[in-house]
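Mind the numbering: the sequence shown is residues 1 to 214 in our numbering, read in order.
Keep in mind that the hints were calculated from the coordinates and are not lab data.
One or more hints might be untrue.
[Stated by the list, open to error] For lysine-lysine, the following DSS-like pairs were computed, each having C-alpha atoms within a straight-line distance of at most 27 Å:
hint, residue 1, residue 2
1, Lys80, Lys202
2, Lys176, Lys202
3, Lys108, Lys80
4, Lys149, Lys176
5, Lys80, Lys64
6, Lys108, Lys176
7, Lys80, Lys149
8, Lys202, Lys64
9, Lys149, Lys64
[What the hints assert, rightly or not] The following label-pair restraints were derived from C-beta to C-beta distances:
hint, residue 1, residue 2, range
10, Ala32, His113, 33 to 41 Å
11, Ala171, Glu83, 34 to 42 Å
12, Glu160, Asp69, 16 to 24 Å
13, Arg22, Lys108, 16 to 24 Å
Keep in mind it's a predicted model, so treat the numbers as computed, not measured.
Heads up, the beta-carbon is just placed ideally off N, CA and C, and yes, glycines get one too.
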Amino acid sequence: MPKAKVGRKKAVLSGNHYTSRRFDVVAVGASAGGFHAIAELLGPLPANFTGSILVVQHLDPARKSLLADLLLRHTALHVKQAEHGEIMLPGVVYIAPPDEHMLAGPGKIQLAHTHLVRFSRPSIDLLFESVAGMYGSRSVGVILSGTLKDGSAGIRAIKEAGGVTLAQDPAEAEFKSMPQAAVATGCVDYTLPLNKLGITLKNLYEAGSPKSYG
């Protein structure tokens, strides 16, 4: 799959490029500087978006997370903190709770307070690997601003499972190391500035025919 050129119109998917594809789940990973990036990603998505969006951002485990409430101001989608065992619905953004790993089960959210993975809980890699294993080519992975390398193994897992992978352009990310590590794997299909990421994700879904969980 060709890599997009940052800053060019070719970077935004259009036409029938993904007509035969169906995307059910979007996994999003962010760390430091991630709030603005997540808000920008979700902004262009319509209220009738047909995929479930699972978001891991590294947060202070000692504080109650307000991320879901804050993101509601920036998107037409419903945003909520994930609960163990709840059914994944289209058009809903699920935020991993602080200090809990979030995984995608068969149509359901799974939370686990197990060991740290690469110094993190929640782990972006664990989320992405679970999405890749459960949804394969029907999955999309997005890596945004952040420190360290969490998400690079997960991006590889989604790519190897046949899914589509995107990353924020490290040159414009507030914290570059996480998107840089993802791009360095060679498994990122589209490396884009923030103002193109959400539009590209929207176009992916409009061009394909995602399943509704119903």
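Results of checking the hints against the structure:
Using a Cα cut-off of 27 Å, the hinted pair Lys80 and Lys202 holds, with the two alpha carbons roughly 20 Å apart. Taking the CA atoms of Lys176 and Lys202, the gap is near 24 Å; set against the 27 Å cutoff, the hint holds. The hinted pair formed by Lys108 and Lys80 meets the criterion: a straight-line CA distance of about 14 Å does not exceed 27 Å. Restraint check for Lys149 and Lys176: satisfied, since their Cα atoms lie roughly 10 Å apart, inside the 27 Å limit.
Annotation: proposed proximity of Lys80 to Lys64 holds, straight-line Cα distance about 13 Å (limit 27 Å). Of the supplied pair hints, the one linking Lys108 and Lys176 is violated, its CA atoms being roughly 32 Å apart against a limit of 27 Å. For the hint linking Lys80 to Lys149, the alpha-carbon distance of about 26 Å falls within 27 Å, and the restraint holds. A C-alpha spacing of about 31 Å is found between Lys202 and Lys64, which places the hinted pair above 27 Å, so the restraint is violated.
Only pairs whose Cα atoms come within 27 Å are accepted, and Lys149 paired with Lys64 is accepted, the gap being roughly 25 Å. Judged by the Cβ atoms, the range 33 to 41 Å given for Ala32 and His113 is violated: they are separated by roughly 23 Å. In this structure, Ala171 and Glu83 meet the distance hint of 34 to 42 Å, their C-beta atoms being roughly 37 Å apart. Distance hint check: the CB atoms of Glu160 and Asp69 are about 36 Å apart, inconsistent with the given range 16 to 24 Å.
Judged by the Cβ atoms, the range 16 to 24 Å given for Arg22 and Lys108 holds: they are separated by roughly 19 Å.
Violation of the numbered hints given earlier is confined to hints 6, 8, 10 and 12; the remaining hints are satisfied by the structure.
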